[in-house]
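Colleague: Using the sequences and the hints given, assemble the complete structure.
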Amino acid sequence: MSLTRLAILVCAWFALMGNSQSLWGQDAGQPTDAAIQAAPAESADAEEPPPVDRGDNAWMLTSSALVLMMTGPGLALFYGGLVRKKNVLSVMMQCFFLMGLMTVIWALWGYTLAFGGSGAWIGDAEFLFMRGVEAEWVDGAPRIPMYSSIPMLTHMLFQGMFFIITPALICGAFAERMKFSSMVVFMILWGTLVYCPLCHWVWDGGILAYRSDAAAAYPWTMNGALDFAGGTVVHISSGVSALVCALLLGKRLGYGTEPMPPHNMTYTMIGAALLWVGWFGFNAGSALAADGIAASAFAATHFSAAAGALSWAGMEWVFRGKPTLLGACSGAVAGLVCITPASGYVTAMPSLAMGVAAGVVCYLACTWLKGRFGYDDSLDAFGVHGVGGTLGALLTGVFATRAVQDLNGGEPIGLLEGGNLLGGQIAGVVVTWILAIVVTFILLKVIDAVMGLRVTTQQELQGLDLTQHGEEGYIYI
Amino acid sequence: MSLTRLAILVCAWFALMGNSQSLWGQDAGQPTDAAIQAAPAESADAEEPPPVDRGDNAWMLTSSALVLMMTGPGLALFYGGLVRKKNVLSVMMQCFFLMGLMTVIWALWGYTLAFGGSGAWIGDAEFLFMRGVEAEWVDGAPRIPMYSSIPMLTHMLFQGMFFIITPALICGAFAERMKFSSMVVFMILWGTLVYCPLCHWVWDGGILAYRSDAAAAYPWTMNGALDFAGGTVVHISSGVSALVCALLLGKRLGYGTEPMPPHNMTYTMIGAALLWVGWFGFNAGSALAADGIAASAFAATHFSAAAGALSWAGMEWVFRGKPTLLGACSGAVAGLVCITPASGYVTAMPSLAMGVAAGVVCYLACTWLKGRFGYDDSLDAFGVHGVGGTLGALLTGVFATRAVQDLNGGEPIGLLEGGNLLGGQIAGVVVTWILAIVVTFILLKVIDAVMGLRVTTQQELQGLDLTQHGEEGYIYI
Amino acid sequence: MSLTRLAILVCAWFALMGNSQSLWGQDAGQPTDAAIQAAPAESADAEEPPPVDRGDNAWMLTSSALVLMMTGPGLALFYGGLVRKKNVLSVMMQCFFLMGLMTVIWALWGYTLAFGGSGAWIGDAEFLFMRGVEAEWVDGAPRIPMYSSIPMLTHMLFQGMFFIITPALICGAFAERMKFSSMVVFMILWGTLVYCPLCHWVWDGGILAYRSDAAAAYPWTMNGALDFAGGTVVHISSGVSALVCALLLGKRLGYGTEPMPPHNMTYTMIGAALLWVGWFGFNAGSALAADGIAASAFAATHFSAAAGALSWAGMEWVFRGKPTLLGACSGAVAGLVCITPASGYVTAMPSLAMGVAAGVVCYLACTWLKGRFGYDDSLDAFGVHGVGGTLGALLTGVFATRAVQDLNGGEPIGLLEGGNLLGGQIAGVVVTWILAIVVTFILLKVIDAVMGLRVTTQQELQGLDLTQHGEEGYIYI
Amino acid sequence: MKKVEAIIRIFKLEDVKNALSAQGVHGMTITDVRGFGRQKGHTEMYRGTEYKVEFVPKIKVEVAVPEAQLQAVLDTIMRTAQTGQTGDGKIFVSDLVDTIRIRTGETGEQAI
Amino acid sequence: MKKVEAIIRIFKLEDVKNALSAQGVHGMTITDVRGFGRQKGHTEMYRGTEYKVEFVPKIKVEVAVPEAQLQAVLDTIMRTAQTGQTGDGKIFVSDLVDTIRIRTGETGEQAI
Amino acid sequence: MKKVEAIIRIFKLEDVKNALSAQGVHGMTITDVRGFGRQKGHTEMYRGTEYKVEFVPKIKVEVAVPEAQLQAVLDTIMRTAQTGQTGDGKIFVSDLVDTIRIRTGETGEQAI
Ligand SMILES: Nc1ncnc2c1ncn2[C@@H]1O[C@H](COP(=O)(O)OP(=O)(O)O)[C@@H](O)[C@H]1O
Ligand SMILES: Nc1ncnc2c1ncn2[C@@H]1O[C@H](COP(=O)(O)OP(=O)(O)O)[C@@H](O)[C@H]1O
Ligand SMILES: Nc1ncnc2c1ncn2[C@@H]1O[C@H](COP(=O)(O)OP(=O)(O)O)[C@@H](O)[C@H]1O
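Residue numbers (the numbering used here), protein chains in the order written: chain A, 1 to 477; chain B, 1 to 477; chain C, 1 to 477; chain D, 1 to 112; chain E, 1 to 112; chain F, 1 to 112.
I should point out that these hints are in silico values taken from the structure, not numbers from a laboratory.
Model, not experiment: these values are computed from the prediction.
Here a beta-carbon is modelled for each residue, glycine too, at the ideal position from N, C-alpha and C.
Worth double-checking, as some hints may not be accurate.
Each computed EDC-like pair below joins lysine to aspartate or glutamate, with the alpha-carbon atoms no more than 20 Å apart [what the hints assert, rightly or not]:
id: 1; chain 1: F; residue 1: 2; chain 2: E; residue 2: 62
id: 2; chain 1: C; residue 1: 370; chain 2: E; residue 2: 50
id: 3; chain 1: F; residue 1: 3; chain 2: E; residue 2: 62
id: 4; chain 1: F; residue 1: 3; chain 2: E; residue 2: 98
id: 5; chain 1: F; residue 1: 3; chain 2: D; residue 2: 14
id: 6; chain 1: E; residue 1: 3; chain 2: F; residue 2: 95
id: 7; chain 1: A; residue 1: 322; chain 2: F; residue 2: 50
id: 8; chain 1: F; residue 1: 52; chain 2: A; residue 2: 124
id: 9; chain 1: B; residue 1: 85; chain 2: E; residue 2: 14
id: 10; chain 1: D; residue 1: 3; chain 2: F; residue 2: 50
Partial list, derived from the structure: chain F residues whose beta carbon lies under 8 Å from chain E [to be verified]:
id: 11; residue: 27
id: 12; residue: 28
id: 13; residue: 52
id: 14; residue: 64
id: 15; residue: 94
Modeller: Following this line, the structure appears as structure tokens:
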């Protein structure tokens, strides 16, 4: 009965998407060099698949492994260390379980909704159940579909790792109080209804893809946005949804009155370091090749993380008298979030600048802003990913340069070199915020009505580890 | 005196091997495309070594690093977290020490016994002390022997990492009670007498290699088995030997009466996540190239792990009311174990199916089966690796398809597409079980007689960390 | 005022360098095959950059990630576990903060001082602020400067990771007692005044580069030294500086009287394992390509680490009755340190020999030597890196062979094959020791005078976590 | 002087401490303990094998009080630590022969 | 009422607890402690430097008992916690002025 | 017999233990505790939000002593645990009705 209600919602959603597509989408989504991600359909149908570039494939497989490592153990440790001892396993379980759950969804219908066909609004059934992605027996020989220079399987895997970490990031907002079962249902729907469409819009020639026909078809997208590795798709979407979660679930018991210090700062540091390392796969891997762009994105990522760590810790040093390890770690993550959309489009000094900006702005978001409005974003998923992602998307419009990638027919791209990308970036940010807020709000309301979002007071006091999973983190007797 | 006894055993063994070889092995072991691993001898002697494929080599070096990471820190954390605090270091020491010990053995005689020459039963002295593997000064220039498209050194390294983790897996069975010195002796002999021959049979054109002449020479092998990344060589061999260890060493003091909960579940989760990540190197690396097969194996691995995590946790949710983190982690590992032999031969949906099956079957093995027979397999090395490996080997016979690799001259392979691989798989499983049981049993009996297997009651009560290594895991004063 | 004093020192230094250069350096530093690192200038100015070798780039990007992982979380855990609970965060903060700090310095002036131009003594401003390294818009198209077969950005990143871990290693010497602010200032200057020149001397055709014109210009360098991955540049420089730090800062309160056992040996083991894994990127990556040399270096690294773990633990087993986990971990690291300069030049058996030697010698350095002289090198940064690095540099002169790399025009290289490399190695060691001792001594004296090096007694008793960073490592209530 | 030892629920510590210091108790010492009693523990599950944890984490609060303050202190603890559920804990009162402040050497009630 | 404090070996806790509850002791409180005594500790070794750990991990069991039960409880603990090896521990008995059950406010023996 | 409970600074434990055993105290039991008192705790900072830690980590040393030894023990602890700074801690002295050595069953002073 509860499921029926949800089912209805889902259908409604796709109906909407479908319509919009048939109504205005006919001319949309031809692949462009700016949206090379739109290539699969074509290359998959090609008679003679191009040979695999072993170097590119080696790097992309490595990157896929690195991005999985970001969620487990990376994020699991980063978040797990920040909660109280009685909830450490619940956070780790959310991350680990999502590694399984989102992967299965991705294999069944996620990848095709995100990258199938060439619609402007949502993918079609082209790759349903991995058909057309996995190896096939074609006229007497095995064939492995290609995605430009790498097997499409590699592309599917790499993108699938993003599909894992994005929802996992949201967990930071409702940590220490959400029912596990409700989280599972929420994530299935969120991944399907928020992530997949958004991913398609930005990375598969959809309405937000820079200079795609689809974007051209909707003037208000201002020609679409550039998002190299997921500033909008991953960070804004998760960060903003996180804020909605924090607001709808309400504060943790005792929030504001009793202290809730991180129970194991060393875990948080290990997690932050692993995130930094894994992010190289996340950003440099988004070049989908082991080329110069990958190297450039790698450098931008490294520089921004470094600058972010210094600027956040610096803010504390100046305003609080002491630089903290948590500050340095948070700053590095903020820098990484901020550079994500820009990593493949900017040079060194702008990367450092973006890192510094991220450290300062996110520091203020997690202290002043959160204090000002008093919402309980337990682990600052919004303060870091929502705010940092938005900042990064906008700064991409400022610093993106043709010197790294000539995506605008030789014309300038970013504001700094006289280009007009910023408009599209703003459009992208606004659209993403709206999508994330609206859908997340509806989902949570529905789920709350159907099965409730929060654990009981008794359970929250005893801790989620025991009450949700019947386990304890540490038994040192 | 104790050593002499052991020496005798070893000689006896090789005598046996040698005979069998000279008796029936003459025509055996010509390399076949199904057993490309048999190529080294040839390629090494070639005048003009082919150029290194940088992409393949990059991936294989990365994979080697990933597989080492599986043992340390991966397995060390996975196992270390499951034991009681007083024994955490002893488990980690076993893993870490084996990283050193097995590597040295591999360099001296392990690699050549596994991959030297082209005998049906065991390798010869071709690569003793790395001769013919390492760089050589040949007529006025350095030369690095090749193994198809990668340096043979890379192949040796990658395979050497398997030689580390396989014995390390066994440690799960005798954790918290085995004498360190006895473990060292046992592993030296086990690696030499069980792993090397088995590895040669399956991966170097030996009697179990699919469609190898050696297999052809022994009809009862039913044409040999397919084992892409070690279902038999790694998991069945270690899992079954683990069961023998558990039975011969007996239960831990207080087993069944006092609770022995994992002392640090967070370590177990970190370890499981690292195993998942490292397994990509383990399975996809077994393609020995960064090609489409690698991508396909990577995907199969990822899907099976995900499905396993969900199915094990699901079983708990249904039958116990709560999904546990340990359940999700165990399920993921079970899925990884199960897909290992099949990873390079199956498509997406079968991978999911195998993961689900592994989660369910291994869950029953670790709860119902173990409870039923009451052996103390401390960390379920048999329940997960022995059972999961056997399941995977058999299912490979069902799901393997020419659509991924055409290994049967265009004919179907797995049962599902009408092939007859299953027979060979069963033969492979049976042979592996017998080898592991017999040799492990003999070794343990001999070592027990010579130096004893178990620590004293007093030592077991005080914990192995202090009594075997004079250290404590945590000193939080 | 304090800064002025420091400024003067810095200027003085560069004046010195500048002079020396203009005085005697004119003919120096032409790139040679022995010093391929000297190529950048040339290749950067080339009209038509060669294409990126995707395989090499994939491996080098992976290696860069691995080397960053060595510092965080690797070294942070290895060191963090060895200190007392009250100082764990301070050690982790030093490692993590340095990841940010050194990276920014490297981007601004570090890389150019190390690899800019072709002077004999120090780099010039060629790559200041990443000019000439990052992507540029050249006559209507983006261009990414190359460094032989990889983007120069990749080379810069890989080398930049070394610039992070080298100072981080020094932290082991002054752990648990140095002021954070002073450490920051010290590391900025140390990196600039010790690491950059040394790196230039050895790896950019400077005075210590094997068979470089610069080396030829200074007979006392005996034709320069071979340092494949940083025996002198990384380990001797940091290890010797560490000794100076330990001596000038003095002992920790209670050193010798109260026990200061590692607070979390499991962290140390995790760290050691991650160092081992990361070291593959460190050494094999130093081939700057995914070729046979990389494979050979990878194998040498793995073998030496393994042998080191066994020999150190063996020493304990023989002389103390028990092998410890810390012993095995320390031995592995000692083996890794020792093989670093030799990894790309030696074959398998010598690698094992070097590992064994490292385990024995460093064991004695950390027990007998340290006990003998009674300095407080908290975490044995000198005992392992200083001693091990020196041992490795010398043994490189013994075991280096043309069979791996023909660097001497077909003539023998190492002592064992009748070459005369040893002289240059000794020269390299001596020069490095002198540089490290002198500059570190001066820097510490100046900083001590300006701002003090040590925390107050009160702070040291309470712990650096609370007093320097206002955080606690574990809050298990 | 009396020594008051109260075994209370962990999450009540904050309240109890504040209430006590509010009424002029200037010091106390707390210890992490585990308690066994009518309040049954919980069951945990590892690889399907369940096991009962009969000891429940509690906090022990120790306060040395002058006779005069005793009743007030007891009431305060009672009031603030109570939830009405089994497992609220116990208060044990015992005699103190003497108290010494190490810093000053003061003894008796003024040492408290 | 009396308060019984027993310092016992960690691995004896299970037995002691079971024996006590078997004979009708409905509650107890345990604490992780470290003990110094005739039982010498052990030496640990870090990078060759040995160091003596003189404090041995023990468990302290605290039970408040009515006079009537006292002897029985002492005997039980004695019996179940004994191994005969140095280090078995001690039992300390002291007076309790009063006991209060926080949940109900009951005092005295019925509060136990 | 008396029971002496001293709350001291962590880094004073080594000295106190040595001094006590030097003067013939053959056993003691220590516990990790956290103390609240005149010595104010410290503030920690997490993502900019500061929070006060009012409980300071301390060590509780418990020693059962024969009347004869009492004063000497008190003096020794006083002397060795003192720094003169607020937070040095307290010593509480209470009566022991009996002491039993589990290993032997000895009771009274010879059990100590
Ligand atoms: N006889 C006793 N001696 C020492 N501690 C006790 C005793 N009885 C109870 N306790 C402590 O009091 C706590 C609460 O007691 P319990 O019986 O569970 O609930 P309630 O206090 O509501 O009756 C127990 O967890 C235990 O720590
Ligand atoms: N005088 C004492 N005061 C407090 N605790 C003591 C005293 N003597 C012994 N203990 C505790 O009893 C434990 C066992 O005492 P020990 O002398 O080692 O063995 P035994 O009890 O067999 O004589 C010690 O570890 C310590 O915790
Ligand atoms: N009334 C009390 N009851 C129990 N413990 C106390 C009491 N007063 C102080 N303590 C303990 O003594 C420690 C030191 O007391 P404090 O007032 O901080 O310094 P000082 O002992 O120098 O006055 C406190 O941390 C607390 O553990």
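Colleague: Looking back at the hints listed earlier, which ones does the structure fail to meet?
Modeller: Hints 5, 8, 10 and 13 contradicted; others consistent.
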